[in-house]
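Colleague: Start from the sequences and build out the full structure, keeping to the hints where you can.
Chain by chain, the residues:
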Amino acid sequence: MTVYLLALVLFCVGIYGVLRKRNLIKIILGIIIAEHAVLLFFILVGYRLNGRAPILSPDAPITQMVDPLPQALVLTAIVIGLATTALLIALAMRLYGKYGTYDIAKIRELRG
Amino acid sequence: MVELYILLFLMIIGSLVALEVKDLLSSVAALGAVGLGLCLTFLIRKAPDVALTHLVVEILSVIILIRATLKKGLPAVPTGGWVFPSAIGLGFGIVLVLVAIQCFPELPVFGEPKLRVAQYYLDHGLQQTGAANLVASVILDFRAFDTLGEVTVLFTAAMGVLAVVRTVGRKSGAMRGEDR
Amino acid sequence: MSKEQGPGMSIIVKTVTRLTVWLILLYGIYIVVHGHLSPGGGFAGGVIIALSFIHLMLAYGKEMALKKLSEGLLGVWESTGGLVFLVIALLGLTAGYFFKNFLPAGEPFHLVSAGTIPLSYIAISVKVWAGLFAIFVALVLLRVDTEQK
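Chains as they are written, first to last, in the numbering used here: chain S, 1 to 112; chain G, 1 to 180; chain R, 1 to 149.
Since the hints were made in silico from the structure, they are not lab data. Just so you know, nobody snuck in bad clues.
In silico lysine to aspartate or glutamate, DMTMM-like type, Cα no more than 25 Å apart, as pairs:
hint, chain 1, residue 1, chain 2, residue 2
1, G, Lys22, S, Asp103
2, G, Lys22, S, Glu35
3, S, Lys21, G, Asp23
4, S, Lys21, S, Glu109
5, G, Lys22, S, Glu109
6, S, Lys21, S, Glu35
7, S, Lys106, G, Asp23
8, R, Lys14, R, Glu71
9, S, Lys21, G, Glu20
10, S, Lys98, G, Asp23
11, S, Lys106, G, Glu20
12, G, Lys114, G, Asp146
13, R, Lys14, R, Glu63
Modeller: Okay, structure coming up:
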């Protein structure tokens, strides 16, 4: 159970970064960290003790494999996370070009 | 099991460093360390497909992040009171952890997953699809709709980045309404 | 004394890049084609091929890399990859249901086996690498626009 708790703590660290930071890049880092925590939790749920990787080979018998379904979901989620990061960074760079700073408090004041 | 705990502590400490350090380039480097710890966790939990994909995707996202933070961004100094917002943040975190602890007995014990759906994929995967990589047979034969959705999301993200970046069709350097 | 430096990095980096770019490209293609036999697949292989192009662009400067591959051509590659993936799915529709694996399964552990899975992986890898390289080119060219103000 403690491994699930540690994954939850990592998620809370990411959410703390989104809520409490004033620098736009730190907010984006918080989103990325929260996403890593979710992927970690998925793989930890699907692990079987003394299991093998879900890849067959010609000389090993089919026994005791870990769950392949969370791995398929995580594979999709990793690439989608990259797409989200790229789009966030493009928006952040656009904001920097217009306002000259990454500070969200100043951006809120300089509206226009 | 010990190495799993060591890697998880490394990831938590690395993420705290990434959020607290004042220099932006150092925080991106700490994020790279978090990603490397995650990749090693995937490897020791017997998921080589996921580890390979995550490693190369992490490299690419660190390159993109460095592109945004190089030579930019002096960090901000927080002004005003910090007691009340920190208390709210901490209270939110504690409530989240307490609620989640109530749900933990519902999860399977770590190490014994209930393979209700995946047992069929493990037993019949080789003879129905002929692929030796069972994860590949899951994402391209049994659950191919999710892959179609992911291809669509990647396409939309590429179009979104191109739409944000381009300035053809606007006056150079000026947003609308500046020269009124 | 300072030398006149052209676009890109120093000459050591350029020479090493000329040797390693092909190795990275070959490794990426290997991972894509053997996606149904060993870990990897279309997504990891596509990202590796995109990384080899980004390696070329970082070492030689953006004009040199864009001479080989303009932005319009990247759009064509990306759309082609997505369309081929959809066509494979629709061809499965003619044989039964949507996304049905209509090619024969073949013998396991051979390169030509598992029906449409290797073909789908090749289409996905083309789409992933063209999309990611287009994103990177767009983010690099953004600097030229914002710092000219």
